[in-house]
Amino acid sequence: MILMQDFSFQYASGKKNALENIDLTIADGDFVGIIGNSGAGKTTLTYAINGIVPHYYSGDFYGSVVVDGMDTVESKPEELAMSVGSVFQDVDAQMVASMVEDEMLFGLENFGIPHSEIEERLSEALEQVGIADLRYRELESLSGGQKQKVAVAAIIALRPSIIVLDEPTGELDPRSSEQIFQLLKKLNETYGTTIVVVEQKIGLLCRYVKRLVLLEKGRIMLEGPVREVLKQADVMESIGMHVPRVVSLHKELVNRGLYDGPAPIGLEEAKAMTEEVLA
Amino acid sequence: MKGLMNYFPGNTILHRLDPRTKILFPLMICIVCFATDNVYVLLGILVLDLMIGLIGGIFRQALRLLKSLLKIAAFLFILQMLVVRDGEAVFHIFGLAITDEGLMTALTGALRLIDITLPLALMISLTQMSDLANALVSRWHIPYKYAFAVTSAIRFIPVFSSDMQTIMEAQTARGVEFDTKNFFRKVGLIVPLCVPLLISSVKKIETAAMAVELRGFNLRNKNSSYKQAQFRLPDLITLLIGVGLIVLGFVL
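From first to last, the protein sequence lines are chains A and B. Counting in our numbering, the first sequence runs from 1 upward without gaps. Counting in our numbering, the second sequence runs from 1001 upward without gaps.
Pulled out of the complex, with its shape left as it was, chain A reads as follows:
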């Protein structure tokens, strides 16, 4: 569980708070999408969960952040890392090895996983992500999507209870993006892994996550189940955010009095909505 209470943070180099008065509870097994314009504090929020803030980037820290019962200020980053797995924005930079297998081994070795257990964990993680065939490949020879999967697999092998991802599909094509989210959903459903993901592609995000958090200028503007948040498309548009096109269509239909159901998520529901309107 992640519990943020009246949490504010200002980078030592910053002029104003990157995050302000954040009250947020993320329950075990939740799947949360974080959205917002650039500079809204999305990345800082992920840093607050994995302990980069305040351990790597210092600054003024107010309030409290408790992750799996550990206060992030009092716990060491590597202690937190046993519970929280992190996937960063820059895929290339976070890799340590030149071969996929060694990349997978790095975390397992460091956290002192018994050597008798390593093989099982390693092959299982590769299996889950569906890249068992890449095990002996060189990282340089992989595509962006494959690298991203390796990054996720390396984290899964550590079996964290929470995974935090910062724009995992930033440089991926639509098909690979879809695959990454399908993978996250599978992890969430089968193992009850709590997943917090920052993502620009709202349409994609809405089809997979359970809850959305909309950040704007360091504050939480909207927060709740996906459908609840999408109901307030006006708020999102007012700060210049795009809303999924099916949501815009829904809003338009509601405004003209043609439809009064909830906002659709994904094409299937949009199709049903349009058919109902046309009928």
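What the hints contain is simulated information worked out from the structure, not anything from laboratory work. Beta carbons are placed, not taken as given, at the ideal position from N, Cα and C, and that holds for glycine. Please note: incorrect hints may appear among the correct ones.
Claimed, not checked - Below, a list of computed lysine-lysine pairs in the DSS-like style, where the Cα atoms sit at most 25 Å apart:
id, chain 1, residue 1, chain 2, residue 2
1, B, K1145, A, K16
2, A, K76, B, K1145
3, A, K186, A, K217
As the list claims (entries may be wrong) - Chain B residues, not near chain A, derived (Cβ > 10 Å throughout):
id, residue
4, L1027
5, D1037
6, F1059
7, L1076
8, D1100
9, L1103
10, L1111
11, V1159
12, T1172
13, K1186
14, I1205
15, A1208
16, P1234
17, V1243
As the list claims (entries may be wrong) - Just so you have them, the derived chain B footprint on chain A, three or more residues with Cβ under 8 Å:
id, stretch
18, 45 to 56
19, 104 to 115
20, 173 to 179
With chain A fixed as given, assemble chain B onto it according to the hints.
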């Protein structure tokens, strides 16, 4: 740099050698080459070097490396041939006597250069850097930080070079002439290339540092490595061959 530090995957007997053997054997060859002045021994070592390439399945790379080494060796040969003045004159170039001793010194010098460089370069192509690092940390107790710094530096070469390519293309698209023939202009263009490259690199390194820390870098110790280097019979044989060669080198 490409080709020199590259790992060539495979599963030959040389690939499976203990990384420590792969470092020690070239060093032994090095000792042999400095111990002897015998041209036949040096030629024999050259054949051995090429055999390393053959057994390791990288004969083509070995030949390519040999070809580029030959150019440097030829330069060294000519230089020494002209400089060494002792011995009997064999023939004259532009009135300058070329002596028999000069030719011999030049030949052994050139051979030595090739003999010493080839095995190390070839063995490195047959070794995964991470295996080498792990072996050095767990067996020779070199601090992991240093081993990690070296392997990371090598790993980041392609990442940075692709970054540089992107920056160059972006600047070319805005009219910067990277293809200019004027040497001084070319040098001048490097500064506006370096600044963005440096900034993006520092950013990358920062992410790398955070990512590594969150994956337990600080918890690692010398026993962490899963793959343990094993010193086996082929390693023993290889090192014995090395010892034999050293003896031979001192005797002949």
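Cross-check of the supplied hints:
1. B:K1145 x A:K16: 36 Å, violated
2. A:K76 x B:K1145: 19 Å, holds
3. A:K186 x A:K217: At roughly 32 Å apart (the allowed maximum being 25 Å), A:K217 and A:K186 break the hint.
4. L1027: Given that every Cβ of chain A is farther than 10 Å from that of B:L1027, nearest at about 24 Å, it holds.
5. D1037: 41 Å, holds
6. F1059: Holds, since 21 Å exceeds 10 Å.
7. L1076: The claim holds: B:L1076 sits with its nearest Cβ about 34 Å from chain A, beyond 10 Å.
8. D1100: 50 Å, holds
9. L1103: It holds; B:L1103 is separated from chain A by about 45 Å at its closest Cβ, greater than 10 Å.
10. L1111: 34 Å, holds
11. V1159: 5 Å, violated
12. T1172: 22 Å, holds
13. K1186: 28 Å, holds
14. I1205: About 7 Å separates B:I1205 from the closest Cβ of chain A, which leaves it inside 10 Å; violated.
15. A1208: Its Cβ does come within 10 Å of chain A, the nearest being 5 Å, so this is violated.
16. P1234: Answer for B:P1234: holds, closest chain A Cβ roughly 22 Å.
17. V1243: Answer for B:V1243: holds, closest chain A Cβ roughly 32 Å.
18. 45 to 56: With 4 residues in contact (Cβ-Cβ under 8 Å with chain B), the coverage given for the stretch 45 to 56 of chain A holds.
19. 104 to 115: holds (count 9)
20. 173 to 179: violated (count 0)
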